[in-house]
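Residue strings, one per chain:
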Amino acid sequence: MAENDLFGVHGTALAVRSQRMALLASNIANASTPGFKAKDIDFAAALKGAESGRLDASVTANTKFRLPTQMSMDGNTVELATEQTAFAENAVAYQTTLSFLNGRIGTITRALKGE
Amino acid sequence: MADTPMNIFQVAGRAMSAQLVRMNTTASNLANAGGVATTADAAYRSIKPVFRTQFDQATQMSTVNVEKIVTAGEEPTKRYDPGNPLADKDGNVFENAVDESRELVDMLESARNYQNNVEVMQTAKTLILDTIKLGR
Numbered sequence: 355m356a357e358n359d360l361f362g363v364h365g366t367a368l369a370v371r372s373q374r375m376a377l378l379a380s381n382i383a384n385a386s387t388p389g390f391k392a393k394d395i396d397f398a399a400a401l402k403g404a405e406s407g408r409l410d411a412s413v414t415a416n417t418k419f420r421l422p423t424q425m426s427m428d429g430n431t432v433e434l435a436t437e438q439t440a441f442a443e444n445a446v447a448y449q450t451t452l453s454f455l456n457g458r459i460g461t462i463t464r465a466l467k468g469e
Numbered sequence: 005m006a007d008t009p010m011n012i013f014q015v016a017g018r019a020m021s022a023q024l025v026r027m028n029t030t031a032s033n034l035a036n037a038g039g040v041a042t043t044a045d046a047a048y049r050s051i052k053p054v055f056r057t058q059f060d061q062a063t064q065m066s067t068v069n070v071e072k073i074v075t076a077g078e079e080p081t082k083r084y085d086p087g088n089p090l091a092d093k094d095g096n097v098f099e100n101a102v103d104e105s106r107e108l109v110d111m112l113e114s115a116r117n118y119q120n121n122v123e124v125m126q127t128a129k130t131l132i133l134d135t136i137k138l139g140r
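These protein sequences, in sequence, are chains B and D. With the working numbering applied, the first sequence covers 355 to 469. With the working numbering applied, the second sequence covers 5 to 140.
Among the clues, some could well be false.
Stated by the list, open to error - So, partial list: chain B residues that the calculated Cβ filter (under 10 Å) puts toward chain D:
#: 1; residue: L368
#: 2; residue: A376
#: 3; residue: I382
#: 4; residue: T431
#: 5; residue: I459
Keep in mind the hints are simulated off the structure, nothing from the lab. Each residue gets a CB set at the ideal place from its N, CA and C atoms; glycine is no exception.
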């Protein structure tokens, strides 16, 4: 994704957070599907790659299979505690990014209005 | 459905439907627990849904579908009960093959998973609405 001067890193960060939320939702949805392998995005690496290259390619390259702490007998690697923690953390980070964007928009708006 | 990209609501929504199917099979199984029949073939056998992951290449998301519903578990057990009106000529009845404790555990698990998906959907909804309100 091209460097966006107005919003800095936050525009790209929001897109990566959104993709990660979708992936974690997929993991939670497949919590009881035998043989399902949970995946997650390495956020820091994906963001770094997206700043210099394409967002989709970077996210795909940094999507990794989750290493379970203990394998279940049906081959499913979703551990609900892990997934729920990651989902909550990601949701909070998404909200934070939104706040940054809102702050930036507020600043620009005030500057334009000349208040 | 296959040509449009999947979204997070479809992922969680279909998972909820799948868990609901599972809950329904559990209800059927528990409703038939303790029943008897004259022959082994006529006796009830536990039914179970088969979950299958559905992967969406475009968005890298995966949801879950119920592929089919199968009969699973042990065979009906023969019990000698000549007083039973359903007994065959040897005085035997066949008990429905339902493992009640396993069904209860299944019920709890699918209820928990259903709740998790509801939670995911609510969080996603809140975040998306906040994104729409960006800059206001």
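- Query: Is the hint on B:I459 kept, meaning its closest Cβ partner in chain D is under 10 Å away?
  - Reply: 4 Å, holds
Next on the checklist: Would the hint on B:T431 be counted as holding, given a Cβ-Cβ threshold of 10 Å to chain D?
Outcome noted: Because about 12 Å separates B:T431 from the closest Cβ in chain D, which is outside the 10 Å limit, the hint is violated.
Fill in: Residue hint B:I382, partner chain D, criterion CB-CB below 10 Å
Hint on B:I382: holds, closest Cβ of chain D at ~5 Å, below 10 Å.
**Report entry** Interface hint compliance - B:L368 to chain D, C-beta minimum distance less than 10 Å
**Finding:** 8 Å, holds
Exercise. Taking the closest Cβ pair, is B:A376 under 10 Å from chain D?
Worked result: Result: holds, 5 Å to nearest chain D Cβ.
In terms of the numbered hints stated before, the structure departs from hint 4 and from no other.
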